[in-house]
Amino acid sequence: MSLLRSFVSNIIDFESTPKFEAIEQKMVDRDRRGFIEKVVSGSIGGSLFLMIPMQSSLFAEVLGDNEMITLEENKNKNYAFIVDVTGCIGCGSCCVADRKENNVPDGQYRTWVERYVIDIYDTVYVDSPDGGENGYSVPRDDIKEEVKDAFFVPKLCNMCEEPSCVQVCPVSATFTSPDNFVLIDKNHCVACGYCVQACPYGVRFINEQTKTADKCTWCYHRVRKGKLPACVNACPTGARKFGDLNDPQSEVSQIMDSKEILTVLKKELGNEPTLYYIGASQEVV
Amino acid sequence: MDASILNYVFPNDVHAHWTLMIVIYPYITGVVAGAFIVSALAHVFHVKALEPIAKFALIFALSWLIFVTAPLLNHLGHPERAIWMLFTPNFSGPSMMAGFGYIYMAYTILLIFEILYIYRADFIELKKTTTGFKRVLYGVFTLGTDDESKKGLEIDHKISLFLGAVGIPLASLLHGYVGFIFGGVKAVEWWFTPLMPIIFLLSASVSGIAGIILFYIIIKKVTGKISEIKTETIITLVKLLWAFFIFDFVFELLELGVHAYGATSGWHHVSSALHGPMYFSFWIMQIFVLSIVPFFILGYLSLAKVNRKMLFVLSSFVSAMILVQVLFMRWNVVIGGQIMAKSERGFASFHPQLFEKEGIAVTIIMLVAPVVTLWLLSKVFPLWDRVKSSSKK
Numbered sequence: 001m002s003l004l005r006s007f008v009s010n011i012i013d014f015e016s017t018p019k020f021e022a023i024e025q026k027m028v029d030r031d032r033r034g035f036i037e038k039v040v041s042g043s044i045g046g047s048l049f050l051m052i053p054m055q056s057s058l059f060a061e062v063l064g065d066n067e068m069i070t071l072e073e074n075k076n077k078n079y080a081f082i083v084d085v086t087g088c089i090g091c092g093s094c095c096v097a098d099r100k101e102n103n104v105p106d107g108q109y110r111t112w113v114e115r116y117v118i119d120i121y122d123t124v125y126v127d128s129p130d131g132g133e134n135g136y137s138v139p140r141d142d143i144k145e146e147v148k149d150a151f152f153v154p155k156l157c158n159m160c161e162e163p164s165c166v167q168v169c170p171v172s173a174t175f176t177s178p179d180n181f182v183l184i185d186k187n188h189c190v191a192c193g194y195c196v197q198a199c200p201y202g203v204r205f206i207n208e209q210t211k212t213a214d215k216c217t218w219c220y221h222r223v224r225k226g227k228l229p230a231c232v233n234a235c236p237t238g239a240r241k242f243g244d245l246n247d248p249q250s251e252v253s254q255i256m257d258s259k260e261i262l263t264v265l266k267k268e269l270g271n272e273p274t275l276y277y278i279g280a281s282q283e284v285v
Numbered sequence: 001m002d003a004s005i006l007n008y009v010f011p012n013d014v015h016a017h018w019t020l021m022i023v024i025y026p027y028i029t030g031v032v033a034g035a036f037i038v039s040a041l042a043h044v045f046h047v048k049a050l051e052p053i054a055k056f057a058l059i060f061a062l063s064w065l066i067f068v069t070a071p072l073l074n075h076l077g078h079p080e081r082a083i084w085m086l087f088t089p090n091f092s093g094p095s096m097m098a099g100f101g102y103i104y105m106a107y108t109i110l111l112i113f114e115i116l117y118i119y120r121a122d123f124i125e126l127k128k129t130t131t132g133f134k135r136v137l138y139g140v141f142t143l144g145t146d147d148e149s150k151k152g153l154e155i156d157h158k159i160s161l162f163l164g165a166v167g168i169p170l171a172s173l174l175h176g177y178v179g180f181i182f183g184g185v186k187a188v189e190w191w192f193t194p195l196m197p198i199i200f201l202l203s204a205s206v207s208g209i210a211g212i213i214l215f216y217i218i219i220k221k222v223t224g225k226i227s228e229i230k231t232e233t234i235i236t237l238v239k240l241l242w243a244f245f246i247f248d249f250v251f252e253l254l255e256l257g258v259h260a261y262g263a264t265s266g267w268h269h270v271s272s273a274l275h276g277p278m279y280f281s282f283w284i285m286q287i288f289v290l291s292i293v294p295f296f297i298l299g300y301l302s303l304a305k306v307n308r309k310m311l312f313v314l315s316s317f318v319s320a321m322i323l324v325q326v327l328f329m330r331w332n333v334v335i336g337g338q339i340m341a342k343s344e345r346g347f348a349s350f351h352p353q354l355f356e357k358e359g360i361a362v363t364i365i366m367l368v369a370p371v372v373t374l375w376l377l378s379k380v381f382p383l384w385d386r387v388k389s390s391s392k393k
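Read top to bottom, the protein sequences are chains P and W.
Note that this note's numbering has the first sequence beginning at 1, numbered continuously upward.
Note that this note's numbering has the second sequence beginning at 1, numbered continuously upward.
Please keep in mind that the hints were generated in silico from the structure rather than gathered at the bench.
Just so you know, not all the hints are guaranteed correct.
The calculated label-pair distances, taken between Cβ atoms and stated as ranges, are [to be verified]:
# : chain 1 : residue 1 : chain 2 : residue 2 : range
1 : W       : F91       : P       : Q209      : 28 to 38 angstroms
2 : W       : L354      : P       : D185      : 34 to 44 angstroms
3 : W       : T88       : P       : K75       : 42 to 52 angstroms
4 : W       : T130      : P       : G107      : 40 to 50 angstroms
5 : P       : E251      : W       : L253      : 25 to 35 angstroms
6 : P       : N180      : W       : H275      : 56 to 66 angstroms
7 : W       : Y102      : P       : E268      : 44 to 54 angstroms
8 : P       : E251      : W       : I83       : 55 to 65 angstroms
Pairs of lysine to aspartate or glutamate residues, derived as EDC-like cross-links and limited to a Cα-Cα distance of at most 20 angstroms, are as follows [unchecked claim]:
#  : chain 1 : residue 1 : chain 2 : residue 2
9  : W       : K186      : P       : E268
10 : W       : K186      : P       : E272
11 : P       : K211      : P       : E101
12 : P       : K211      : W       : E356
13 : W       : K128      : W       : D147
14 : P       : K266      : W       : E344
15 : W       : K186      : P       : E208
16 : W       : K186      : P       : E101
17 : W       : K357      : P       : E208
18 : P       : K211      : W       : D146
19 : W       : K230      : W       : E255
20 : P       : K100      : P       : D244
21 : P       : K227      : P       : E208
22 : W       : K134      : W       : D146
23 : P       : K186      : W       : D146
24 : W       : K239      : W       : E255
25 : P       : K227      : P       : E251
None of the values given here were measured: they were computed from a predicted structure.
In this text, a Cβ means the ideal position worked out from N, Cα and C, and glycines have one as well.
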């Protein structure tokens with residue numbers, strides 16, 4: 001739980017405004033613009049944290065140290081990752097959690113959070129300084145026009161059903177596991193970088209420590225233990241959701257079955273991602 | 001909105017990952033394939049004017065072939081695992097790169113045997129006149145038979161003809177598939193076109209022919225035997241270069257034209273890169289200085305009556321330009337494709353250093369090494385037919 005504690009301390013820093021109630025009221029009123037402006041300025045992260053309860057395990061219980069969901073059992077799951085853009089506050093906790101969980105070298109990113117700002121002339125400004133890891137407590141000062149919309153978009157592996165990276169890997173070091181996770185055998189990878197070029201989403205990199213291809217695995221090692229991916233676990237607002245679509249009780253199933261509009265990134269490329277977005281506007285690439 | 005103003009690239013994409021090594025890898029492969037095609041025109045299609053350079057073209061191809069894997073191995077994060085490309089190839093994807101080991105190996109074996117059969121008669125002669133290590137070497141190269149009978153030479157000829165004929169599609173495959181490696185990547189708008197393998201193949205032929213012309217003239221000049229060059233050979237090569245170059249350049253422009261006319265969202269990004277960070281290397285260098293100018297020089301040399309000295313000077317000059325054009329083309333494909341970042345909102349950067357693992361110095365060494373190797377090989381393999389090297393002009 002030290003992770004959570006460090007995360008909480010991060011969040012507390014954001015609480016620079018005493019107007020909690022007013023902000024929450026705005027949220028309830030769905031005053032998106034006012035809300036977003038506050039989010040961009042980094043002032044309401046904490047209040048959201050207080051509002052939304054967190055789920056800590058993937059299923060009913062987290063398995064013990066020596067236990068694991070069997071491969072056969074895992075094959076019967078149909079995992080999906082849903083990112084709710086309307087829920088992301090750009091705190092960067094997911095990125096911090098991911099880096100710690102997976103020992104990702106500095107300057108390389110398994111996941112990152114982008115800040116989108118759209119002015120009244122529809123100019124789209126996107127940035128992601130340090131992958132959004134330090135949160136977005138400082139607003140952009142280079143936007144001269146009035147801002148009409150702003151939001152945060154977390155990015156991670158799209159876990160495609162038709163993965164380009166698996167297709168191009170010359171030595172089959174990147175593969176789709178029997179339980180449908182796109183993974184990398186780092187003891188087999190030659191680091192030719194072809195997968196880095198082929199991934200339409202830019203989620204791959206050559207890990208400068210291992211000198212092999214690396215990317216987000218949706219924390220496969222945790223999932224097999226019955227735990228949520230580290231980023232999902234760390235997300236204070238529930239903007240990152242992960243679960244089994246074959247379980248009708250899971251949150252992801254319920255969202256899938258609801259009238260919520262879900263989109264995938266770069267659909268036209270035909271990679272069939274299993275990472276879905278709620279509220280990702282057409283500007284999101 | 002112009003991508004250069006917003007300039008957002010995904011955080012893992014900030015710098016181009018494929019470096020100068022991946023620029024010169026298709027370049028070297030291209031020279032190999034092109035040179036082989038020149039030799040095949042003489043050996044298989046019996047183009048008489050090219051016979052004086054038929055052997056030279058093979059050795060020229062071999063000298064570059066030896067260095068095809070050098071930039072690749074230098075680029076790999078784990079070169080010690082490169083062998084897995086042969087033992088655990090991904091044929092289910094299939095990975096275009098996985099075919100490399102096999103095609104390269106097959107082509108290398110073919111080229112070596114093609115050379116051994118074509119040179120066998122020479123080796124028998126050389127074995128008689130040399131001593132020591134060289135004699136042993138030639139003994140091995142003759143494949144254990146000193147048969148100089150007419151029948152024996154005919155068998156050599158038939159085998160080399162067969163190997164040459166098989167070699168043409170194999171050489172085309174060797175380079176066409178390199179084009180496929182890029183042309184099959186749908187994530188990169190600038191690469192994803194079925195014309196890519198064709199453009200690679202044509203530019204390979206162009207670079208091979210240009211390389212042959214340039215080094216033929218330079219070697220003859222340096223060795224003081226320029227009078228041995230037949231004017232007809234150079235004119236044939238120049239015409240061949242012009243023809244291949246027209247096809248090459250037209251396909252390059254067609255690819256660009258159809259892409260621009262289609263004006264998909266991807267094109268807008270490509271277009272802003274071509275008018276931004278790639279303006280100099282693409283429009284100024286690849287298209288104008290190194291394509292349009294050589295096109296007219298080659299046309300002039302092919303159509304007008306030019307005196308011998310002028311022909312040699314201009315054809316070696318234009319060949320050098322073409323060799324650089326192909327290098328720029330490789331740069332613009334490999335680096336350009338990466339500069340057009342996948343965020344579709346900006347450009348990645350690429351700044352090669354002079355001294356680094358995959359830097360400029362190493363690149364230059366890898367491009368000079370085949371030339372040095374050619375010189376070394378010429379000590380063992382006579383580049384020219386002594387019998388036919390009369391001073392006919």
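Tested hints:
| no. | hint | result |
| --- | --- | --- |
| 1 | W:F91 to P:Q209: 28 to 38 angstroms | 31 angstroms, holds |
| 2 | W:L354 to P:D185: 34 to 44 angstroms | 36 angstroms, holds |
| 3 | W:T88 to P:K75: 42 to 52 angstroms | 24 angstroms, violated |
| 4 | W:T130 to P:G107: 40 to 50 angstroms | 59 angstroms, violated |
| 5 | P:E251 to W:L253: 25 to 35 angstroms | 54 angstroms, violated |
| 6 | P:N180 to W:H275: 56 to 66 angstroms | 43 angstroms, violated |
| 7 | W:Y102 to P:E268: 44 to 54 angstroms | 33 angstroms, violated |
| 8 | P:E251 to W:I83: 55 to 65 angstroms | 47 angstroms, violated |
| 9 | W:K186 to P:E268 | 10 angstroms, holds |
| 10 | W:K186 to P:E272 | 14 angstroms, holds |
| 11 | P:K211 to P:E101 | 19 angstroms, holds |
| 12 | P:K211 to W:E356 | 16 angstroms, holds |
| 13 | W:K128 to W:D147 | 13 angstroms, holds |
| 14 | P:K266 to W:E344 | 11 angstroms, holds |
| 15 | W:K186 to P:E208 | 26 angstroms, violated |
| 16 | W:K186 to P:E101 | 32 angstroms, violated |
| 17 | W:K357 to P:E208 | 14 angstroms, holds |
| 18 | P:K211 to W:D146 | 52 angstroms, violated |
| 19 | W:K230 to W:E255 | 38 angstroms, violated |
| 20 | P:K100 to P:D244 | 25 angstroms, violated |
| 21 | P:K227 to P:E208 | 28 angstroms, violated |
| 22 | W:K134 to W:D146 | 16 angstroms, holds |
| 23 | P:K186 to W:D146 | 53 angstroms, violated |
| 24 | W:K239 to W:E255 | 24 angstroms, violated |
| 25 | P:K227 to P:E251 | 15 angstroms, holds |
Against the hints set out earlier in the document, violations occur for numbers 3, 4, 5, 6, 7, 8, 15, 16, 18, 19, 20, 21, 23, 24.
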